[in-house]
Structure formats: structure tokens, C-alpha cells
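K.L.:
Taken in order, these protein sequences are the chains called A and B. Position one of the first sequence corresponds to residue 0 (numbering that gives the first Met the number 0), numbered consecutively onward. Position one of the second sequence corresponds to residue 0 (numbering that gives the first Met the number 0), numbered consecutively onward.
No wet-lab data here; the hints were simulated from the structure. Beta carbons are placed, not taken as given, at the ideal position from N, Cα and C, and that holds for glycine. Do not rely on the hints blindly, as some may be mistaken.
Pair ranges (Cβ atoms, derived) [stated by the list, open to error]: (1) B:R82 <-> A:N387: 27 to 33 Å; (2) A:M422 <-> B:R82: 36 to 42 Å; (3) B:L10 <-> A:Y415: 30 to 36 Å; (4) A:G419 <-> B:L10: 35 to 41 Å; (5) A:Y415 <-> B:L90: 36 to 42 Å.
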Amino acid sequence: MKNQVKSSSNIQPIRIQLLSSLLIPLLILWVISAAVAYYLAIGFADDAYDRELINSADSVAARLRTNGTKIWADIPPAAQAILHYNRQDQIYYQVLSQDGTRIFGDAVIPGPVTGLQAAEPMFRYASLEGNKIRIARIRVQVPDYPSKVIFVQVAETLHARQRLAEQILLSIMIPQLVLICLGAASIWRGITRSLIPLKNLTDAISKRSQTDLTAVEESEAPREVRPLVTAINDLLLRLKSEIESQRRFVANAAHQFRTPLAALKTYIYYAKRLAENEEMDSVLEKIDIGTERMSHLSNKLLALAKAEPSNRFDHYRQVDLNYIASEITASFTPAATKKNLEVTFSGLDSPALIYGDPENLAELVTNLVENAILYTKPGGRVAVRIANGEQIKLIVEDNGTGIPKDEREEVFERFYRVLGTNMPGSGLGLPIVKEIANSHGARVSLEEGNSGIGTIVSVYFPKQTESLANNFHLKA
Amino acid sequence: MRILIAEDDQLLADGLSMVLRDNGYAIDIAPTGADADAALMSGIYDLLILDLGLPSLNGLEILKRLRDREQTLPVLILTARDRLEDRVLGLDLGANDYITKPFALPELEARIRALLRKNLWSNRREITFGSLSFNTASRVVTANQQVLDLSARELAVLEILLQRLGQAVNKDQITDLVSSWDLEVTGNAIVIAIHRLRKKLEDHGITIKASRGLGYRLEESS
Ligand SMILES: Nc1ncnc2c1ncn2[C@@H]1O[C@H](COP(=O)(O)OP(=O)(O)OP(=O)(O)O)[C@@H](O)[C@H]1O
Ligand SMILES: [Mg+2]
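Extracted from the complex, chain B is given alone in its bound form (with noise of 0.2 Å):
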């Protein structure tokens, strides 16, 4: 899952992609608001955290911007400005989510995923396969009431396998999916995760199953 941080203080926007990264998802960071707005045409992102204070466009620039295009990924806005009127601005131009600065980390976390599930699982709070059940609000992937351990890649790979089932992603797909500008993650590093993932659902009765040039599908295996 791919998200876009439009912030400004390189800091912050570092700390806070390696968190997300550590979660599994792929960063990308934009430090002004014409980088933001750019990177938002490629329309390859699932969810913007988004600074209002941005250099050269400000944030509530982006967002009318990107509601004009009609492009529907969740905004989570991240500001220190915390008056009721930007609150309340920020939202009626479409932003989903407020949160002030400075903000408790499980607290971004939750709303993070929240925001996603929503987008992305339509508010489903569990999804299920054949044994594999994955829960959405904690990312947490189990088969047959057992915990899988997985790899923030893995998690990553499986999320996009699960949004798309019944239906084959290609590696170039997955590739740009889990990939950021600073993190180029190769296709052969995305065989090595599904290798992987094969390996640890193989014995809950599902595998992943490689089309010749349609890609991967998650099935179950009989």
C-alpha cells in the first residue's frame, strides 16, 4: 500500500516514513506542495498525509486540486494549526481525517488504517479466505486461529493480493504498489516475498498461483 507524505520539515517526514515502512507500507515524500500535487497525478497512491503549511502550494490547495480531479484516495491532514475554522476548512474541502501536531504515534497509526480500510476494505473489519482471515483495523493476518508471522514486505504483498481477489495483479502492479522514489524495490525482490508467502500459507491450504502473463492470484489449494 502506497501512501504520499506532503510535508515540508524533513524530520518529521523522515520519522515518519520509517515508522509507516516498518509497518509495511511503501513512502513516498513530497516537501512542497508542488512535488505533492505532481506525484498525486500518477494516482498510484492509497492514502495523502497532508501538511497544510506546504511551500509554493498549500495544503488546502492540493486538496481542492486533487477533489477536482475527482481522485477519491483518503487525506489525512496533519497540521499545527489547530483552530476550529482549518479543522473545519480542511474537511469540507474533502479531507477525511484531521490530526494536530504534536500527535501520539499509535494515535497516526490507527487512523492511518482506519483510513484505509475504509477506502480500501470498504469498512470490512475482517477479511476472508478459504482459512486465512486477515483483520484490517490491526493488519494482523491469521490461518486457522494461528498468528503468521510475516515480513513488513510480505504484509505488504499479501494486502494486495486480498484487495484483488479473484483477480491476477501483475509484478509490475505489485512492484509499484510497494515501492517508493527512494526505495525501488526490484521484481525480483517481489518473486522472493511471494516464494515466501507461498511457503508460510502452504499449510493452510492456500497458495498463490502465477498466471503467465496475467500475474498472481491468491487460491486455494485443494
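So that you can see chain A by itself, here it is in the shape it has in the complex (with noise of 0.2 Å):
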């Protein structure tokens, strides 16, 4: 049964599934986390830089110098380098009057310049040139007149403070998506290893021949499985009630013909008795043949019956194909002497053991010699052989008819007959052959004889040592 099911697409497996189910709320807290850490860390980094920003607003105005009318900061020029290029940040200053109008300093720090009256430091957004900076400004005393008030604005591109709010938050969420990747991938893991048994089971379970329906080993599989294990053995155990009931109904069947068709045969004996005339003689014969026909049908049916595989094994021991070839074959002189065929019999010197049903042995040596009969016309041959090799082959060979060679797989189809043989056959008898065959583990191979002419059946069966044997038995 190699025909996978199609897993329908709207399906994921079980893997995908709870991986999925894990891992996508994972990965959106972990966006909401990098969301809040960025948010905290431009917190902590404004708070960091504001207040170095300060410092610089403090040192302008420790520089600050006044003659009472004018106001100059003394910032050396090595200062004033420092200051403007503060590490990777361009740093602006500005020394505001008291109602706000700059008075010297760096005039591109925009405006507006709005509550003058606070006493605190003040903090602000602006754009300068496309770029962000941050701007403090601080009231200061002026130097010996302590009633002026003047400010001073310090303004910084954002540089900085970037890169520090970066680094916090990579130095969270990096960690955070390690952790996350290493949670997949053990989790990952873990679904794997207790999908093991399920995989386990799954190669059980496809391995197998159509015909066993053993149950399925249910203590490997996970309580979670278990289940469905249960599900399945119940199944195949009404499958092979089912299938058993269907052999047991075509045994049946073939059996109940059996009383009606002897009492017909015997009806039919005593009516031929009677008979007074020659046409009646003819009419009785051919209803005999029919009745013998239906005979030998039902026979057939049951031997087929008898020969499926739900019936393996029960008989099985170990028998002596020799023994069971020579009785069958020399059953058969009387029919062959009748229709003038030699018939030869050629064994092993020593038994040729093999593991198997006899009753169903016989019953495949029998339809094939009763076919070599058949369809061989007299005076021609039939030779039942036995050889030894790396299997026990048994070989049936004819010098009739032959089978036509696009012809030789179909006869093993059941109710198949070659047309024009005008011989009486039902069709099951090569069907019976290749069943029987199979439950015994043999190979049938079908060619024509020597020189083209007649049929070579050959049946190839293993060789049984007793551990085969027991091989053969734990398998079914």
C-alpha cells in the first residue's frame, strides 16, 4: 500500500503547529518588549545626556565675564573646540538677555525661547539643519550684579544619545532573542523526539503485507497516541472479521452446493437406470455433465477459499514436498492412462523438506498436473519433478497446447481461460496455484517447454529449517 494520503493543505503538522503556537506570541511580546526598552532607553540616555548638557551650560556660564554693560564669555579657543565637537556631537551655545534676545553664542539654535520665568533648567526638541539636537538652557546670575539674570543655551545633536539608546536596547533584546532561538530549537527538539514513536508506528504500520492484520504494538506508542493505536487494532480486527466472514460465506456457499449437486448426481444415476431409450441416455449424460461441472466449480471455489490467506498458518508444519507430489501425481494414472499420456514422477533421493499446509500443497500439485492432463493431447508427456538448488523446486511440464505467451500472466486472473481450448475448466485452478503459493512464500513461473512446445510450471519454494520456520510463523 504505497499510495500516500495527500495531507490536505489546510493542515500543518503537529510540529509546525505547536512551534507556531509557541513561537508567534514569543516573537510579539518580543516586539512589545523592544517597543517599551526603546521608549525606557531614550529615557535613560536623555537623562544621562541632559545632564552632561547642563554641565556644558554651567561651564559657558562659569566663563561669563561683565565691565557692568557688557557681557562676554572667556572661552579659550582649545575650549571652544571641545566644546563644539563634544565627542561625536556638534555643540552649540548661546548666552540669552533676560526677555530672551541673544546677546553672543551660536546663533543657529532656534527659537522659540518660551518660559523665561521658571527657575529650573528647561529641556527642549528642535531641528537644526535636518538634523535633531536637544536644547537646555539655564538662568544664571551675571557675576557682580546679582539682580540680572541672563540665560544660557546649550544645544546638542543627538548622536549620542542614540547610539546610547541602541545599546541598551540591544543589549536587552539580543539576549531576549537568543533565549527565544534556543527555546525553538529545544522545543523543537523535544516535539521531534516524542514524535519518535508516531514515526515508529507510522514504519510499522506501512511496512506490513496487505494480508497481515496483526494488531499494532500499542505499549511503544505515547498515552497521547494510544488512542488512535486502539482505534486502528479495532479496526483491523473487524477488517479481518470481515474478511474472515467473507472467505468463511465462499467456503460455505461452495459446501451447501455440495448436498443439492449429490443428490442430483444421484437422481440423475438412477434416472440413466431407467432410462429405456437412447435419446434419453443422451439427455441424462448431458445433464450430467453439467451437474459434473458444477461439481467441480464449487470444488474450486472452495479450494480457493481454503487457499486465502486468512487461513494461513493454522495447518502449517513441516512436510515432505516429494511425498506429497509423487501421491498426487500417481493419483492421476488412471485419468492419464484413459487419455493415453505418460505421466512420470522423478523426486529427491532425500525428502524435500518445506514449511507449509499439505492439504493445500496438495491441492496446488493437483491443479497442476490435472492441468498438464488437460491441455496436453494423447499421447503426449507430462513429467512431475522435484530439484534441489537454493530453493526446492517443484516443476510441471507438458508437451500440450502451451499458453500463448501474452497470455501467461492473465491465466493467473480468476475466471480466466485461454479461448479455443474446448476443455471444461472453471478458470480457478492457476489462481488457486498462485494463492496457495503465496502463503507458502514460493514463486510461480510460467514458460513454454523445450523447443517451444507445451508449458513448464515451476514452483520455487523456500528451503524451511526450523528457525525459518519459526521466522515464518512470528511473521504472519
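Both chains are given apart, each in its own frame, so use the hints to dock them into the complex.
P.N.:
Now the structure itself:
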């Protein structure tokens, strides 16, 4: 049973399902936590750098000088350079008068200047030449003129802050991501590991032959899967009993034919005794032939039902194929003599031991010899041989009509008969042979006889040692 | 010679009894196991034809009871089952032969003859009495190498007398042996058969002597 069931597209594999139902919320959480962390990191960075910005403003304020009317800052050029190029950021400063007009310093810091009454340092964001900047303003009393108030404004671009915020963010997010990945990997492994029994189960079932309907081992399945295994076993059991009852039905039907057929034959026989003229005789003869065919058919149906797999192994034991084949062949000598055929048998010197059901094996030989005798013209010969080799071979050879090459497979199909043989038969003989061979692990081959005349049927039986026999039994 | 057919299929049982009566046997039919068992207790049968699949009491059980009663009549099993085990089981339980349905009638007849011969004639092929000779296999009677043309009833009576050579058999015994439940043979019919037999045998120096109170027996008429 190779054809895989196509998994319907909207059902994900369990592994993906489990993983995605864990990972998706985790990743969403991770993104949210990134947003929160970023917001907090910006806050931390601002706190830190705003303090420094105030420091810068303070140092500008400390450098302020005045002569009563004029105010200036005494910042040496080196310090100015340092001030302007503090780390990665551009720094600007400005000194504003009490009403907010610029007294001196970099003119580029944008307005508006509001909230001049507040005593606390003021911070705000603004934009300068396309860059965001942070502006801090402190209130300063002019040295020597305590009643006079001015403002120092310092601004800087945001590179350092951003860098810090990013560093904070990364130092939180990367470990988290690593953690999530490690978690996913171990979940994946865990799921895979716990799915191994399921895979073993699948392998065990898919490796089976179509006739093997024994229960699946339940103890190896994880508890969650056990109901499924139980359900499968239940189905197997029902299937088995269904097949068994089908087979029994055929066997019973064939049996049921036997008694009325026996009665019919009895009356025909009696009628023949009573018959007083030839016409009546010939009519009775025809009825007799018809009845005979029906008996034949019911016997073959029964043999086929007996050969079918569910009946296997009940009657198996070690048997000598030599003995069976010679007995059966001998039983055909009257028929062969009547048809003027030469029937020979040659067996092995030692017993040809195989493991099997003696009655079915006898049935197999019967069907082959019967065919050979039926489909060989008077004067022909039929040879039955047992040969030893890697396998034990049963060969039934005749020099009869032969089977056309392109029908050598079809003749093993039930009820198939080669047209134009004009011989009575039901077309079940070779199917019975095939069925019995299969259940014995044997292979059947059909070839034309030597020099293209007649038929050679060979059945290759595995040699049966004791251990092999046990093995065979266990597999059943 | 009286045969019991234990077979539940009436069509087959009737057909068989027609054929076998035609051969000169007295036939009774038991359609159930219980009937067969009861009939066998009378001990009057020379042969039992037994179907294994009987209602109310199966064939193997009948066979077992029969042998437990130490009745030795031959039993021919007639069945639709043909697995080796069934056959072996039947034979182990004391059946003498086995034939599967559907069978060829000549074969059945031959087996019945063989069984009867074995039992009644202790396997002797030929019984001779004076110029009379009876082939136990073919059931053909010859006198002085000449085949006697006997009716079924006459043959049956002669067989009974030949089985009990030197011994007188009374009319009732003969009547019992040749009649069956549905075919009551009257004493008169026996007398007629014996009369006819006498006629046919007298040319060959054999007579059937009747002794009052004892019955009939074969004698050479010197
Ligand atoms: N030895 C043979 N020689 C020639 N033809 C054969 C031989 N064996 C089988 N065949 C052909 O194969 C066909 C199928 O054989 P198979 O034994 O299955 O059925 P059958 O003989 O027709 O009927 P059945 O065996 O049921 O009575 C036959 O009809 C016959 O034509
Ligand atoms: Mg055939």
C-alpha cells in the first residue's frame, strides 16, 4: 500500500503547529518589549546626556565675564573647540538676555524661547539643518550684578544619545532573541523526540504486507497516541473478521452446493438406470456433464477459499514435497492412462522438506497436474519433478498446447481461461496455485516447454530450516 | 440387508434410498441425529451411512455413542466437509470409510458392498454352496457358471440365507431384515419371494427348506 494520503493543505504538521503556537506570541511579545525598551532607553539616555548638557551650560556660565554694560564669555579657543566637538556630537551655545534675545554665541539655535520665568533648567527638542537637537537652558545671575539675570542655552545633536539608547536596546533585545531561538530549538527537538514513537508506528504499519492484519503494538505508543492505536487495532480486528467472514461465506456457499449436487447426481444415476431409450440416455448424459461441471466449480471455489491468506498457518508444519507430489501424481494415473498420456515423476533422493500446509500443497500439485493432463493431447507426456538447489523446485512439464506468451500473466487471474481450448474448466486452477504459492512464500513461473512446445510451470519453495520456520510463523 | 441413512437433506436421502433399494437393500432414513441414534439402538442394521452435519445430534457424537454401545456395524461417513482433520477424526471415532459429497454413485455402491462384505462375509469374495456361488463384491449369483436373474427382493432373501448357512432363519427375522419403516414387507411377500427363489434354484440342485417353528434354510437337494 504505497499510495500516501495527500495531507490536506489547511492542516499543518503537529510540529509546525506546536512551534508556531509557541513562537508567534513569543515574537509578538519580543517586539512589544523592544518598543517598551526603546522608549525606556531613550529616557535613560536623555537623563544622562541632559545632565551633561547642563554641565556644559554651567561651564559656559562659569566663563561669563562682565564690565557692567557688556557681557562676554571668556572661552579659550581650545576649550571652544572641545565644546563644539564634544565626542560625536556638535555642540552649540548661546547667551540670552533676560528677555530672551541673543547676546552672543552661536546664532543657529532655533527658537522659540519661552518660559523664561521658570527657575529650573529647561529642555526641549528642536531641529537644526535637518538634524534633531536637544536644547538645554539654564538661568544664570550675572557675576557681580546679582539682580541681573541672563540665560545660557546649550544645544547638541543626538548621535550619542541615540547610540546609548541603541546600546541599551540591543543589550536587552539580543539576549532575549537568543533565548527565544534556543527555546525554539529545544522545543523542536523535544517535539521531534516525542514524535519518534509516532514515526515508528507509521513505519511499522507501512512496512506490513496487505495480508498482515495483526494488532499494532500499543505499549510503545505515547499515551496521547494510544487511543489512535487502539482505534486502528479495533478497525484491523473488524476488517479481519470481515475478511474472514467473506472467506467463510465462499467456503460455506461452496459447501452448501455439495449436498444438492450429490442429490442431483444420485437422481441422474437412477434415471440412467431407468432410461429406456437412447435419446433419454443422451439427455441424461448432458445433465450429468452439467452437474459434473457444477461440482467442479464448487470444489474449485472451496479450494480457493481455503487457499486464501486468512486461513494461513493454521495447518502449517514441516512436510515432504516429494511425498505429496508423488502421491498426487500417482492419483492421476488412471486419468492419464485413459487419455493415453505418459505421466512420470522424479523426486529427490532425500525428503524435500518445506514448511507448509499439506492439504493446500496437495491442492497446488493437483491443479498443475490436472492442467498438464487436460491440455495435452493423447500420446503426449507429463513430467512432474522435484529439484533441489537454493530453493526446492516443483516442476510440472507437458508437451501440450501451451499457453500463448501474452496470456501467461492473465491465466493467473480468477476465471480467466484461454479461448478455444474446448476443455471444461472454471479458470480457477492457476489462481489457486498462485494463492497457495504466495502463502508459502513461493514463486511461480510459467514458461513454454523445450523447443517451444508445451508448458513448464515451476514453483520455487524456500527451504525450511527450523529457525526459518519459526521466523515465518512469527511474521504471520 | 438393512441400511440406515442418517441424512437431513431429504432430497439426497430419498435419492439414495431409491438407488440402494433398487440394489436390493432395505433402507431407513433418519433425518435428525436423535432419530438416527434411536434407530441404531434396535441393532437391526447392517450398515450406517452417516452425514456428519446432522441437526439435534451431530454425526461424530452418534458415531461415538454407537461404538460406546459396542455395536460393530460398519459406518460410512458421507459429508460435505473434506478437511483432513474431519476425516481423521471420523475414522478415529470408529467410522470405516469416508466419502465426500458430491460423490459418484458407482463409487458409493462399491464402497457399500465392500463394507458389507467385510462385515457380513468376513471379507470372503465368493460364497459357494453346492453349485451356487455368490460374489460378495458384485452381488451376482451364479449357479453352474450361469448367472441367475434375481429380483432385488429375491437377492436380499438369498443373501440372508447365505449369511446364515446351516442355520434356520424364521420369517419374521427375514421380514425385519428386508423391510424398512416406510416399506413394510409382509410375511406373504417373503413367502412369495422364497417360492420364486425355490423355482429358480431347483434346477441347480438347491432348495430352501422350511422347518416348522424354526424357519428357512438352504439345503442341497440330493
Ligand atoms: N499446462 C497447460 N497447458 C496449456 N494451457 C494451460 C495449461 N495450464 C493452464 N492452461 C491455460 O490456462 C487457463 C487457466 O488455467 P486454470 O487452471 O486457471 O483454469 P482451467 O484449467 O481453465 O479451469 P480449472 O482449473 O478451474 O478447472 C486454461 O483455460 C488453459 O487454457
Ligand atoms: Mg485448471
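K.L.:
Please flag the earlier hints that this structure goes against, numbers listed from lowest up.
P.N.:
2
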